[in-house]
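Student: For the protein sequence lines, the chains are C and E, in the order given. So that you can map any letter, position 157 of the first sequence is 157 in this note's numbering, and since no number is skipped, the others follow by simple counting. So that you can map any letter, position 61 of the second sequence is 490 in this note's numbering, and since no number is skipped, the others follow by simple counting.
No lab work stands behind these hints: they were computed from the structure. We treat Cβ as the ideally placed atom computed from N, Cα and C, and that holds for glycine. Incorrect hints may have been included.
[Unchecked claim] So the derived list for chain E, only partly shown, Cβ under 8 Å to chain C, looks like this: (1) Tyr439; (2) Tyr469; (3) Thr582.
[As the list claims (entries may be wrong)] If you want the footprint, here are the derived chain C segments under chain E, 3+ residues with CB under 8 Å: (4) 47-59; (5) 80-93; (6) 106-115.
Here is what each chain is made of, one letter per residue.
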Amino acid sequence: MTDKSKFGFETRSVHAGAAPDPTTGARAVPIYQTTAYVFDDVDHAASLFNLQTYGYIYSRLTNPTVAALEERVASLEGGRGATGCASGHAAQMLAFFALMEPGDEFLAAKRLYGGSITQFGRSFQKFGWNVRFIDSDDPENFRRALTPKCKAIFVESLANPGGVVTDLEAVSAIAREAGIPFIVDNTMASPYLCRPIEWGADIVIHSTTKFLSGHGNSMGGMMVDSGRFDWTRSGRYPSLSEPEPAYHGLRFHETFGDLALTVHGHALGLRDLGAAMAPLNAFLTLTGTETLALRMERHCANAQKVAEFLEGHPAVAWVSYAGLKSSPYRALAAKYLPRGAGSVFTFGVKGGYEAGVKLVEGCELFSHLANIGDTRSLIIHPASTTHRQLSDEQRAAAGAGPDVVRLSIGIESVDDIIADLDQALQKGA
Amino acid sequence: MDHEHYTDEYIAGILRQTKTIAMVGASPNWNRPSYFVMKYLQGKGFRVIPVNPRAAGEQILGETVHASLAEVPVPVDMVDVFRASDAVPGIVDEAIAIGAKVVWMQLGVRHDAAAAKAEAAGIQVVMNRCPKIEFGRHSGELSWGGFDSGIITSRRTRKVQS
Ligand SMILES: Cc1ncc(COP(=O)(O)O)c(C=O)c1O
């Protein structure tokens, strides 16, 4: 119910959530390195435990440094609130924890970060949460796969390992008609390039580990709630609409309205799942978000040039970057990512698996590691690393076949980035 | 008055000037939303007087419940409406009769015709908002829960002090 922000994206990147510390006047957000917070008296403690007043109890639930980051990311995404947690995977866990009951289903795009495919397809089964992976290139595939047990649709706006853009507006319309929330992992795009809530997303997930923190130095995750989904109407989201025994019969949606999912994320999700964000990581990520717009501009400009270079390279079979004229996702990118198609993409080396391994091992500037969204340029061969737990068919479906190499283009001098790839490709040829 | 978007100054001004609140539809059940709001506002120094004919004579959080606004024995600055929208016109008539300065309708409560009538009588109106959330938004406390307050400031002091 906040009025639409008067402030621009860059201003909010620097300031949202980060007013001067009221006690000391400290201008940067302090690192509140504390486990717990004193109560004024027993009545104050009771109000806090009953969720009747705002305040801090214990840093597994809430922490002032983490809260500043939550407000910042909520503001950048145009959400009502956000729940920060230990990693992107923890954020996915928090979201589904609020929505799913044992025996429920959800639909997820089949092109996802490999770790998400494993989390959804294997570990979630232990809770009785069943995923079905859908080819999202035709959004109607989601409609065809809907069942009465289906509780959500999950996609990545710009899918990892790269080059694939989801038609958010079309998928959100299908979710809305089905009366289920639309969840978008916006990690690869960041809110600078795409704000899924503007296209109908109900929940946005981030691995803040990537572009939001931006420097490859801190893990984190965020579940952002748009505040728009009506959790009560269908009666199918009992965690949010029915009396919660652990809070003496409180109904989250009725009591907290459009804040309900964010309160639930902290008061139930983090309390019981335990994956809290460390205050130091929140601080580093706050610092990272201050330069998000500047970094994303350069990330995208460099990635565009590198993708064009690779497309013309004799050792390269194909390049999948949504910013290229040759990309089948170019039109979707123009609509959803008008400021740039991100900096993570894949390409195929001639010579398959062996050539891919030689290339990553031949780089001198690119770091061979399993991460994206760093200031540094990163390279990985998914088939031999991030996606190796998957079957051949799953790897192919996820866009991680034997010849595929994934790049995360950093903000170094673009000529140096290109020169390093060129010499490594020559070594492999 | 644009009842879709209130300026920060409009809301903060109301919260700064208000001392006594009559809460119509206050519930004696501790896990009801009205009880949360009453307890919070009391903690911020407001006097909150519950009005609810079904609980008249009972005590809620140390205050006696009255059957109607007319029976509240002290001057009322703000009438906080925890009732369905169709109950608003009657409450506005009573609020005008007792000389209240503000009629505040909770989240989900809105009645444009009644609001216009109140405003014609010189009453400030807020609709579809929660005073607990708005107080928290302006004091900085809402941000503690990870919510977007929409407030950006380089100043140490807030428009509303908790
Ligand atoms: C798109 C996407 N979602 C989620 C994750 C998981 O995030 P984390 O590693 O912070 O748990 C990643 C990590 O690579 C990712 O790229």
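Student: Check each numbered hint from earlier against the structure, then list the numbers of those it violates in ascending order.
Tutor: The structure conflicts with hints 1, 6, although it agrees with all the remaining ones.
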